[in-house]
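**Student:** As a plain string of letters, each chain reads:
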Amino acid sequence: MTGRWLRERLVLVLGILVLLYTFVPIAVVVLMSFNAPASRNVYRFDAFTLDNWLNPCTDPSMCDAVRRSVEIGLLATVVATILGTLAAFALVRHDFVGRSATNLLIFLPMAAPEIVMGSSLLALFVAAGFSGQLGFWTILIAHIMFCLSFVVVTVRARLAGMDDTLEQAAMDLYATPAQTFWRVTFPLVFPGILGAALLSFSLSFDDFIITNLNAGTTTTFPMYVWGVAQRGVPMQVNVIGTLMFAISIAIVLGSELNNRRRSKALA
Amino acid sequence: MSETVRKRGRLGYLLLFPALAWLGLFFVVPLYSLVATSLFDPAGSDFRGYTMSWAWGNYSDALHEYWQPLLRSIVYGGIATALCLVLGYVLAYAIAFKAGRWKNVMLVLVIAPFFTSFLIRTLSWKLILADDGVIVNSLQFLHVLGSDGRLLATPVAVIAGLTYNFLPFMVLPLYASLDKIDHRLIEASGDLYAHPAIGFFKVTWPLSLPGVVSGTLLTFIPAAGDFINVQLLGSPNQRMVGSVIQSLFTDANNYPAAASLSMILMVLIVAMVVVYVRRAGTEDLL
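In the order they appear, the protein sequences are chains A and B. First residue of the first sequence: 1, per our numbering; consecutive thereafter. First residue of the second sequence: 1001, per our numbering; consecutive thereafter.
Some hints here could point you the wrong way.
[What the hints assert, rightly or not] Covered stretches of chain B (chain A as the covering partner; in silico rule of three or more C-beta atoms under 8 Å from a C-beta of chain A):
| hint | stretch |
| --- | --- |
| 1 | 1016-1023 |
| 2 | 1033-1040 |
| 3 | 1123-1129 |
| 4 | 1147-1159 |
| 5 | 1182-1189 |
| 6 | 1206-1212 |
| 7 | 1224-1235 |
These are calculated hints, taken from the structure and not from any lab test. All C-beta atoms in this analysis are idealised placements derived from N, C-alpha and C, irrespective of residue type, glycine included.
Turn these sequences into a full structure, and let the hints steer you where they fit.
**Tutor:** Shown next as structure tokens:
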């Protein structure tokens, strides 16, 4: 009896085990955010404390790095989302010469190894005489570059899966093209654009390999973590890690709830 | 659904131009600079400047000096990809076929852990695999490891880290192609008295191949180029090609050598991808 029950659910049980395994390090991050370390060199749980949460900026350079990462992430997200959305509209709605070359150009940055992209950008900046000016702006340029393709792909998927009967109905009812676009098309595509923006921000905020090569002396949050990993990690790093996890879960759950409410309202 | 009519005219080009210009300027042109840098005279430096000397010798020097990290990257990346395929297939299969109305929740849970910073996640593996940690102690108790055996600073820790960090790149494409499979085909194989295992290998697995191919590529490429896992979980004995390129650029300031090694890595990966995709018979994916 139990043998059969287990056989039928074996895959599900194994799948859940794999899922649990992916959460093990997260549990450690959350736990360590409440840790009062006995010494800076030994990375293990010693005693419970709320200090890390109450004073996250004990090391001001960490909070500076977080702020810089947020700034770069927001700017990169805005630019990449706008450029990428325009391109996605062109790809789905417009006819042009060189479609397959364009698709390849958009696909390649997602497949190229980061170390190659990072080093080639550095080679360009050095060749152009910018090796002394590496910093905020070169990081931003790089982040917009690698976020772009992900935006195009995400928005394109939303647009391609969209039925255009609503837009045709709007036109039939004498809406101008501009009215049709802003009142019908844009709201329908918006979830895709929002998803692309969230993806861009998290890609930008978390990037290390490309950033590290093109940052000069500027420090982003991942670079800060890289630096302290060699000489002892302040527990506040785990506070930031926990916050990142909690905020993204909240955003995903919020949009899921919103979807459910909407589909209920439509039903 | 009616096929959307694609509009002709200038607007399409205008919409496309900014994104393509950005990618052209900051993705394609840099690749050209990388090729050029890889052929610079290795005697130059950041301060004195470089001269173009068609120094093809940079490539043989780089291969000669760094073939070990290069090979290690391919091997570690390959093993991690294989492990990801096993773990990821189980998880994707469970979500696509067994999760029922929990499908969306499980999909969110697959991505959720990876919203925490890559470096922080890897640091927590350092803690989990630590010398006096639970895992090392139990393995010592079971005599899998010697009494002074350790996991950190070994290939095991590096591969474990790579496997963990790139798992979602495997699960999502696998799920996408498993979810598309028509369940009636699998039922039909059962009705025709195929053993479930045979049904799996003759029906489910071949139909999921597009997901397997894109999942393995999306996992292998970043895993082979990664150096974060080696740096945090391994030791210089496990140095991978990414660490070498990175330190040649930022510490040694030896741009020609770093650029030629980057080029070698890229050519190697492209060649492997082409052969692999041909053999898997899924060329239309690219």
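**Student:** Confirm or reject each hint.
**Tutor:** Hints versus structure:
1. 1016-1023: holds (count 6)
2. 1033-1040: It holds: at least three residues are needed, and the stretch 1033-1040 of chain B offers 4 whose Cβ sits within less than 8 Å of chain A.
3. 1123-1129: holds (count 6)
4. 1147-1159: violated (count 0)
5. 1182-1189: It is violated, with 0 qualifying residues against the three required.
6. 1206-1212: violated (count 0)
7. 1224-1235: Our answer is that it holds, as 7 residues pass the Cβ test (under 8 Å) against chain A, meeting three.
Violation of the numbered hints given earlier is confined to hints 4, 5 and 6; the remaining hints are satisfied by the structure.
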